[in-house]
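Undergrad: Once you've looked at the hints, go ahead and assemble the two chains, each given alone in its own frame, into the complex.
Top line first, the protein sequences correspond to chains A and B. Going by the working numbering, the first residue of the first sequence is number 1, and it counts up by one from there. Going by the working numbering, the first residue of the second sequence is number 1, and it counts up by one from there.
Do not take every clue at face value.
[To be verified] Taking lysine-lysine pairs in the DSS-like style, the calculated list, with each CA pair at most 27 Å apart, reads:
1) Lys-279(A) with Lys-139(B)
2) Lys-140(B) with Lys-392(A)
3) Lys-313(A) with Lys-405(A)
4) Lys-140(B) with Lys-279(A)
5) Lys-66(A) with Lys-92(B)
6) Lys-392(A) with Lys-101(B)
7) Lys-392(A) with Lys-73(A)
8) Lys-139(B) with Lys-78(A)
9) Lys-301(A) with Lys-195(A)
10) Lys-139(B) with Lys-66(A)
11) Lys-261(A) with Lys-101(B)
12) Lys-279(A) with Lys-118(A)
13) Lys-59(A) with Lys-92(B)
14) Lys-392(A) with Lys-92(B)
15) Lys-392(A) with Lys-5(B)
16) Lys-140(B) with Lys-66(A)
17) Lys-92(B) with Lys-195(A)
18) Lys-140(B) with Lys-405(A)
19) Lys-101(B) with Lys-263(A)
20) Lys-5(B) with Lys-261(A)
21) Lys-301(A) with Lys-101(B)
22) Lys-279(A) with Lys-66(A)
23) Lys-101(B) with Lys-48(A)
24) Lys-263(A) with Lys-5(B)
25) Lys-221(A) with Lys-345(A)
Calculated directly from the structure, the hints in this document are not laboratory data.
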Amino acid sequence: MDRRRFISKTSLSAMATVLGTDIVFAHKMPSGYTPLALQDPDPFERFKKDSDMSILNTKPWNIESKAHLLDDKVTPNKYMFIRNNGLIPENIDIKNWKLTIDGESVQNQKTYSLAELKTRFKTYTYQLTLECGGNGRSEFNPPAKGNQWTVGAVSCANWTGVRLRDVLQDVGYRSNAVYIGYHAADIHLSRNPEKEPISRGVPLAKAIQDETLLAFQMNGKDIPLVHGYPLRLIAGGWPASASGKWIDRISVRNKVHDGAKMKGTSYRVPCEPVAPGEKVADDDMCIIESMPVKSLITYPKTGALIKEGQALKIRGHAWAGELEVSRLEYSIDFGSTWYPCSLQKPVNRLAWQHFTAAIDHFPRKGYYEVWAKATDANGVSQPMLLPGWNPKGYLNNACHRIAIKVA
Amino acid sequence: MSFEKRFKNQVEILYRKIIVGFCVIFICIFSLLYVITNPTLLKKQPEEIALVEIPEEPEDLIENGIHVATGFVDADGLTEVIQNCTNCHSAKLVTQNRMTKEGWVATIRWMQETQNLWDLGNNEEIIVNYLAANYAPDKKGRRDILTDIEWYALEEN
Chain A
1 MDRRRFISKT
11 SLSAMATVLG
21 TDIVFAHKMP
31 SGYTPLALQD
41 PDPFERFKKD
51 SDMSILNTKP
61 WNIESKAHLL
71 DDKVTPNKYM
81 FIRNNGLIPE
91 NIDIKNWKLT
101 IDGESVQNQK
111 TYSLAELKTR
121 FKTYTYQLTL
131 ECGGNGRSEF
141 NPPAKGNQWT
151 VGAVSCANWT
161 GVRLRDVLQD
171 VGYRSNAVYI
181 GYHAADIHLS
191 RNPEKEPISR
201 GVPLAKAIQD
211 ETLLAFQMNG
221 KDIPLVHGYP
231 LRLIAGGWPA
241 SASGKWIDRI
251 SVRNKVHDGA
261 KMKGTSYRVP
271 CEPVAPGEKV
281 ADDDMCIIES
291 MPVKSLITYP
301 KTGALIKEGQ
311 ALKIRGHAWA
321 GELEVSRLEY
331 SIDFGSTWYP
341 CSLQKPVNRL
351 AWQHFTAAID
361 HFPRKGYYEV
371 WAKATDANGV
381 SQPMLLPGWN
391 PKGYLNNACH
401 RIAIKVA
Chain B
1 MSFEKRFKNQ
11 VEILYRKIIV
21 GFCVIFICIF
31 SLLYVITNPT
41 LLKKQPEEIA
51 LVEIPEEPED
61 LIENGIHVAT
71 GFVDADGLTE
81 VIQNCTNCHS
91 AKLVTQNRMT
101 KEGWVATIRW
111 MQETQNLWDL
121 GNNEEIIVNY
131 LAANYAPDKK
141 GRRDILTDIE
151 WYALEEN
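Looking at chain B on its own, in the form it has when it is part of the complex (with noise of 0.2 Å):
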């Protein structure tokens, strides 16, 4: 082997080695800022165990006698409405409606007629009582005044 050639070898192999080393030293170096960007890396995660803080259940919360969850009437049958009524459709549909107690008992009629209402068994009266007596027709006659009006100024137009 010439000289010439030896010496070729050696420089390939030096030329190799410097790459290697520079890469390892490069990948150290990202390591460390790495480390000391995320400080929390080499720390154990904590377990998730903080103490259960038990919400108040709104679900059964009542403000000046509505179920504030529902908008229902607090009234003796609430249970049984919620229960009831309240699975397919919102509790909105029922208290927006006003209708005597023949009226509530032709509703659930058509509703396990027609839209897949179960039997309410003994639920049916304390349902039909409490929505006869809290959701019952006013009066409003043929044509009522206007209510709830909200004032403002009006520019020239």
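Just chain A, with the same shape it has in the complex (with noise of 0.2 Å):
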């Protein structure tokens, strides 16, 4: 922005300058205008995102959303959080762009226009949590290298597209099969052809549950291309990363998918606790599958002033992977007690539900922290501390808390 205005300030050659050439017809350039070249790329503007995002990485694009601004029962495309390994796919043909089946484990290779995607097989839409396995990164200590998400990197959309099952089905594939892996459009950061910046995949039966899609759209539209347009994988409840963007091939495997991102500490915790610091081997390392169960509290914004006798009405949602949350509580004593919010059942499998509460309770003015706690199907709860520390910081699943003084 600041340079927008240096620029506007400065003369004609002086862009020359900056450009590193003459700018040809520059007398019929309208005055106040930059030229293309030298626009800072607004990155709000470039891909709609609400200016109270925060921008974790440029190169390559990474945003999060935060806690207040995911109140939505289903999320906007300006509050959904970005994450990307690579460089966004440039000159997207749709009339030519084509969706591979291959693999060890399909009979015949096939490919399908995305017309044919869309007319030969029945669409389905279902809202679905989509969050970065290294959502709250942030927190853990000796901290995790990678982007420091804090608690805002999930998001639940609808998604609209076809069946994975009814696709492979009409490729059909062996008994061998045990997993999918997917392939995409996107650059690696170094440029090269050669290198994949993401390739990751789910095994076999989660890529033929009834909500896993080959999505064309995203809450009724076209997805955004910074989110996967034209064709993205949504494997709702597991690490976003499984959801790859840009898919133009899958391929079914007779073992575990070995793309990129797939090996070492990517998407991977060991299979056996440590402790924080510990150096795990490769093979000691397990791929994350359903991801825990969490909640955030999305109303008021953290930092809410009230008056004695107030009562203050929160909200949000929770999530559990592949589960369903079955009971949400808060506490304003730091999990000395609990109470009990009223909470919603999901719209559909894998979507996140809602939770709303009115505390009426605070004893006395000053200062409190309000957390939420979900616990799943199976009676696992949130802790309150930090979960166990991974080498890539993945599944904070920690308790949710917002601030509150009462004056």
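TA: See below:
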């Protein structure tokens, strides 16, 4: 922004100096116009994101939301986090976009155009929770390497597409199929065309669930480019990296998919718990599957000052990977006592659930924290402290809290 | 040729001349109007040789010990870090992380093995020392206190 103002004050020749070339037809350029090459990429405008979103990284683009921005029951694009491993594909040609299904375990490789996918298979819409495996990483101690997500790398939008299962059945796969791996059109940061920024996948059992989609719409419109236009795999309830963007190939594998970011410490945690900071051998790391139970207080925004005697209404969402959330409680005394919230059923499997409560028992004036704790269908609750440390800082599902002052 | 036919021919010739004449008049009027409304048309465009204003090089600007263009701490090794660490990813990926010397070395090795990072040669020690000194882990315990709270009055809802 400052750069734009800076440029408007300087002469054409200065622009030419910055560009390293003369501006042909410069005298025909409207005054006050900044040549495209000099415009700052304004990510909020470019990706149609709210300007309160936090930019963690600009290359590759990684932008997170905030708890109070995620108040909508269905996450709109403007509040949806962006997580990229590589560079956004350039010059997408949807007329010639092809999805190829190949791999050791298909009978015959088969290719579909987008139009064929849309017309040959029935379409379904589900609201699906996508949370980055590294959401909450910033709290780990010792610190874990990577984008330092706080709480905002989660979304629950409506996704429309065809079932991956229907497509796989149309292709036909052998009984030795165990995993699917996706391949996509994004570009490696090194711009080496031989390298894929990310190529992950899910076990066959997850791939053939009703809700696992090859999606072409998000919230009723074409998927925004940064979220995977024109085709995205959606595997709700699993680390969002399993929901590959810009998909052009899916391989049906006879072994666990071995694409980029399936090995080492990527999206994997120690199979057996380790002490904080401990070194873990690659062979002792296991792939993250279903995400753990978690919740977020989306109203009010942290920092609310209320009057003595004023009731505080709170609300938010809770989710539990493959499971349903069965109970939601809040505490205003750091977990000494817990009170129930009212909790709605999910609109469909793998969608987050909404909770509300009215708190009218603050005993006296002062500083409080409202903590929320969800419990899943297996009786497993969110921890109040950080869960088990792991080398890349995944799966932090510690209770969310907001600060309140009664004055 | 009958008088009638000759007369008809003359009328036709006159008719054509009047049409052509009117066209010429219209073209003249429009040309004149165009020149009047665009007075610069007949003047020669000046060459673009305005004085070159050398912009203050924002690439080198340091404010409060921070290199403004990247957000890196200004310390020994800054140049080597910018040159080697911001080609593929933004500086933000570095500045938001905290690691020990050992952790930064391991990260460099991972990038060399999987992300096409080149051999850093003699610069590696300079870069690692810079990172370990300026981006070392903070002790934050098992759960930090809430910080940076912006207080606001919440009306009865």
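Undergrad: Has the given pair, Lys-392(A) with Lys-92(B), been kept, meaning a C-alpha gap of at most 27 Å?
TA: 18 Å, holds
Undergrad: Assess, step by step, whether the Cα of Lys-392(A) is no farther than 27 Å from the Cα of Lys-5(B), and give holds or violated.
TA: 104 Å, violated
Undergrad: Is Lys-140(B) close enough to Lys-279(A), meaning Cα to Cα at most 27 Å?
TA: The given pair, whose Cα atoms are some 20 Å apart, holds under the 27 Å limit.
Undergrad: Keeping to a limit of 27 Å between CA atoms, is the pair of Lys-301(A) and Lys-195(A) held or broken?
TA: 42 Å, violated
Undergrad: Assess, step by step, whether the Cα of Lys-221(A) is no farther than 27 Å from the Cα of Lys-345(A), and give holds or violated.
TA: 26 Å, holds
Undergrad: Assess, step by step, whether the Cα of Lys-140(B) is no farther than 27 Å from the Cα of Lys-392(A), and give holds or violated.
TA: 17 Å, holds
Undergrad: Measure nothing beyond the straight line between the CA atoms of Lys-92(B) and Lys-195(A); if it is 27 Å or shorter, mark the hint as holding.
TA: Distance ~23 Å between Lys-92(B) and Lys-195(A) Cα, so the pair holds.
Undergrad: Given the hint that Lys-261(A) pairs with Lys-101(B), test it: the Cα-Cα distance must not exceed 27 Å.
TA: 24 Å, holds
Undergrad: Starting from Lys-66(A), check that the Cα of Lys-92(B) is at most 27 Å away, please.
TA: Holds. Lys-66(A) to Lys-92(B) sits at ~19 Å (cutoff 27 Å).
Undergrad: Below or equal to 27 Å on CA atoms is what counts here, so check Lys-279(A) against Lys-66(A).
TA: 32 Å, violated
Undergrad: Can you confirm whether the C-alpha distance between Lys-59(A) and Lys-92(B) stays at or below 27 Å?
TA: Since the Cα atoms of Lys-59(A) and Lys-92(B) sit roughly 8 Å apart, the hinted pair holds (cutoff 27 Å).
Undergrad: Within 27 Å, alpha carbon to alpha carbon, are Lys-279(A) and Lys-118(A)?
TA: Given that 27 Å is the threshold and the Cα spacing comes to 47 Å, the pair is violated.
Hint compliance for this structure: hints 7, 8, 9, 12, 15, 20, 21, 22, 23 and 24 are broken, all remaining hints hold.
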